[in-house]
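Visitor: Listed below are the residues making up each chain.
There are 2 protein chains.
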Amino acid sequence: MTKELVAIALGGNMILQKGQPKTYEQQMKNLRLAIEVIVDIIKQGYGIILTHGNGPQVGNILVQQKAGVTRGIPEQPLNICGAMSQGQIGFMIQTALEERLFDQGIVDKCVVAIITRAIVDHNDSAFKEPTKPIGPFYTEEEAIELHRKTKDSYINDAGRGFRKVIPSPIPLQILEGNTILRCVKEGDIVIAVGGGGIPVARENGNFIDIEAVIDKDRATDVLATQIDADILMLLTDVSNAYLNYGKENQKKIGKISIKKMKEIFDEGHFAKGSMRPKVESAISFIEHGGRLSIITSSKDALAALKDKAGTRIVK
Amino acid sequence: MTKELVAIALGGNMILQKGQPKTYEQQMKNLRLAIEVIVDIIKQGYGIILTHGNGPQVGNILVQQKAGVTRGIPEQPLNICGAMSQGQIGFMIQTALEERLFDQGIVDKCVVAIITRAIVDHNDSAFKEPTKPIGPFYTEEEAIELHRKTKDSYINDAGRGFRKVIPSPIPLQILEGNTILRCVKEGDIVIAVGGGGIPVARENGNFIDIEAVIDKDRATDVLATQIDADILMLLTDVSNAYLNYGKENQKKIGKISIKKMKEIFDEGHFAKGSMRPKVESAISFIEHGGRLSIITSSKDALAALKDKAGTRIVK
Numbered sequence: 010m011t012k013e014l015v016a017i018a019l020g021g022n023m024i025l026q027k028g029q030p031k032t033y034e035q036q037m038k039n040l041r042l043a044i045e046v047i048v049d050i051i052k053q054g055y056g057i058i059l060t061h062g063n064g065p066q067v068g069n070i071l072v073q074q075k076a077g078v079t080r081g082i083p084e085q086p087l088n089i090c091g092a093m094s095q096g097q098i099g100f101m102i103q104t105a106l107e108e109r110l111f112d113q114g115i116v117d118k119c120v121v122a123i124i125t126r127a128i129v130d131h132n133d134s135a136f137k138e139p140t141k142p143i144g145p146f147y148t149e150e151e152a153i154e155l156h157r158k159t160k161d162s163y164i165n166d167a168g169r170g171f172r173k174v175i176p177s178p179i180p181l182q183i184l185e186g187n188t189i190l191r192c193v194k195e196g197d198i199v200i201a202v203g204g205g206g207i208p209v210a211r212e213n214g215n216f217i218d219i220e221a222v223i224d225k226d227r228a229t230d231v232l233a234t235q236i237d238a239d240i241l242m243l244l245t246d247v248s249n250a251y252l253n254y255g256k257e258n259q260k261k262i263g264k265i266s267i268k269k270m271k272e273i274f275d276e277g278h279f280a281k282g283s284m285r286p287k288v289e290s291a292i293s294f295i296e297h298g299g300r301l302s303i304i305t306s307s308k309d310a311l312a313a314l315k316d317k318a319g320t321r322i323v324k
Numbered sequence: 010m011t012k013e014l015v016a017i018a019l020g021g022n023m024i025l026q027k028g029q030p031k032t033y034e035q036q037m038k039n040l041r042l043a044i045e046v047i048v049d050i051i052k053q054g055y056g057i058i059l060t061h062g063n064g065p066q067v068g069n070i071l072v073q074q075k076a077g078v079t080r081g082i083p084e085q086p087l088n089i090c091g092a093m094s095q096g097q098i099g100f101m102i103q104t105a106l107e108e109r110l111f112d113q114g115i116v117d118k119c120v121v122a123i124i125t126r127a128i129v130d131h132n133d134s135a136f137k138e139p140t141k142p143i144g145p146f147y148t149e150e151e152a153i154e155l156h157r158k159t160k161d162s163y164i165n166d167a168g169r170g171f172r173k174v175i176p177s178p179i180p181l182q183i184l185e186g187n188t189i190l191r192c193v194k195e196g197d198i199v200i201a202v203g204g205g206g207i208p209v210a211r212e213n214g215n216f217i218d219i220e221a222v223i224d225k226d227r228a229t230d231v232l233a234t235q236i237d238a239d240i241l242m243l244l245t246d247v248s249n250a251y252l253n254y255g256k257e258n259q260k261k262i263g264k265i266s267i268k269k270m271k272e273i274f275d276e277g278h279f280a281k282g283s284m285r286p287k288v289e290s291a292i293s294f295i296e297h298g299g300r301l302s303i304i305t306s307s308k309d310a311l312a313a314l315k316d317k318a319g320t321r322i323v324k
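Same order as they appear, the protein sequences are chains Z and P.
Just so you know, we're using the numbering used here here: the first sequence kicks off at 10 and counts up by one.
Just so you know, we're using the numbering used here here: the second sequence kicks off at 10 and counts up by one.
Derived from the structure by calculation, the hints contain no laboratory data.
Just so you know, not all the hints are guaranteed correct.
The list treats identical chains as interchangeable, and a pair is accepted whether it falls inside one copy or across any two copies.
[To be verified] Simulated crosslink set (DSBU-like; lysine-lysine; CA at most 35 Å straight-line):
| # | residue 1 | residue 2 |
| --- | --- | --- |
| 1 | K158 | K315 |
| 2 | K38 | K160 |
| 3 | K317 | K27 |
| 4 | K27 | K75 |
| 5 | K31 | K141 |
| 6 | K141 | K38 |
| 7 | K118 | K38 |
Required output: the full structure, derived from the provided sequences and hints.
Guide: This is how it looks when you write it as structure tokens:
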């Protein structure tokens, strides 16, 4: 029925960019632009699973949680804030996408947003070394005091101030995978794995409360592999991954074999926290049987599917 | 495969009761109790769709939204807060339910939470007369000032202070109905229609931003009717609807025909805002082809399904 199954990860800054007003209106404006290419891809007949970041949104929710304490509302834990952001962003994407579909005369598609959880191992070494900054900024003095009180870790985040850091464990499995696959096979456009999924860990059947955040590109790879998707597409600001990025001799990476891409990866060409997790996820997808991994911008996404743009990793 | 399809609406106070601490831990404690009977019903082989209120949670989110403004985070509109609460509560129910299922040796069920929207008519007369109090309490002076600034309506809510009131329009259709039905038919336990669904209205294909809240029992009826469920079960504090409730001659209503129930309804036996919308929804479900509507407590839910307790409305 559908041509091929594509899991597409929307970059977090496609919904809210640094410095923009954090309003609903601004986010919808950004999303309406961001989803244009998604509708173009839908029109090509692909089955679509759409995943997304939640960094700015969950950051805002965390600030609101802290502010609410002064008015008698206790803070909810991070996993709850993540679940909230999935509802928030899922609904916004639904709205933007269905309007655009209607506008383009496509009225037989249902866009569904599914609350998604990702299983992690609570013995993942990431829990010993938290690395991912989240939430509000503090002064050094405040951070020291907070660390003393809570034992949470704080770091100086790129000179902008001190922030709490939490673990970013590897996602092992998407709990809603079967449901997501079933929906997309029946023609739904599925929004899932928001913010990398809500991390959960089990011990003797019970869920353990954990405070962590999962890289959305890694989680999208895990889902795509799990449901046997054909294509993994990681959207970002740039049209391609680069050799020697930012240097004089930088060079776009176009179509490339998994073998060659792994060599380049091992040479350390990709910046940690930015292109590196994307390339890692893209490689992993092919290694686990995927047909094509794409890293590109929204602008070049359609051309990339037609093998004419973007970084395309194949067997 | 499954015996019959039951749409079960959990009362809002099953998740958080008035006066209880508004913490995650308290809500999970309540939910772990509330879902015991759901697992008992699952064990009987029924297909389950679980809906829920969101009053206390969305109330808390609204307070946090207002508090966040002082720290630079603009308030998100009510529909976004509703979507957030669906994520929050959906995830909490998943957690509680899957733990209990595991505990009972049921490991072949996936509990999925689906962000759910309900179509309303933006010409619904409810928009002319807002009736549903939401969010924080204000003094009379504050309410007058807020009304002057925003044109929002405020009422004195049962002597507890002034609150904003918003419209509660009739839900016409659940947009995710097909997906929900498909999931439950395949054996998923589906959490949907949280807080009555996010109200949406369309005009020329575009969604109109509306500020409203939908009665969750009405929305559950609409979903149950739409997907041809067999049984509508509305859970509440009391085991039955009553004739002359609270009076000396009060009398439990047990099994009753739709004809007789409508007569009683028309006599005005049911309190507005409490039992009345439940009875209305229960009647509507049978009128639209449902086999059985149940109004009862968690404690009596299983017995009610076996025709031994609760108010049971039939053809």
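Visitor: What label fits K317 with K27 when the C-alpha limit is 35 Å: within, between, both, or neither?
Guide: within (31 Å within a copy, 60 Å between copies)
Visitor: Is it within a copy, between copies, both, or neither that the alpha carbon of K38 lies no farther than 35 Å from that of K160?
Guide: Between copies only: 26 Å across, 40 Å inside.
Visitor: Cα distance capped at 35 Å. Does K118 pair with K38 within a copy, between copies, both, or neither?
Guide: within (22 Å within a copy, 39 Å between copies)
Visitor: As a check of your reading, is K158 near K315 (CA-CA no more than 35 Å) within one copy, between copies, both or neither?
Guide: Neither: 55 Å inside a copy, 54 Å across copies.
Visitor: Up to 35 Å between alpha-carbons, please classify K141 paired with K38: within, between, both or neither.
Guide: both (28 Å within a copy, 30 Å between copies)
Visitor: Within, between, both or neither: how does the pair K27, K75 come out at a Cα-Cα threshold of 35 Å?
Guide: both (21 Å within a copy, 22 Å between copies)
Visitor: Could you place K31 and K141 in one of the four classes (within, between, both, neither) given a Cα distance threshold of 35 Å?
Guide: both (22 Å within a copy, 28 Å between copies)
Of the numbered hints stated above, the single one contradicted by the structure is hint 1.
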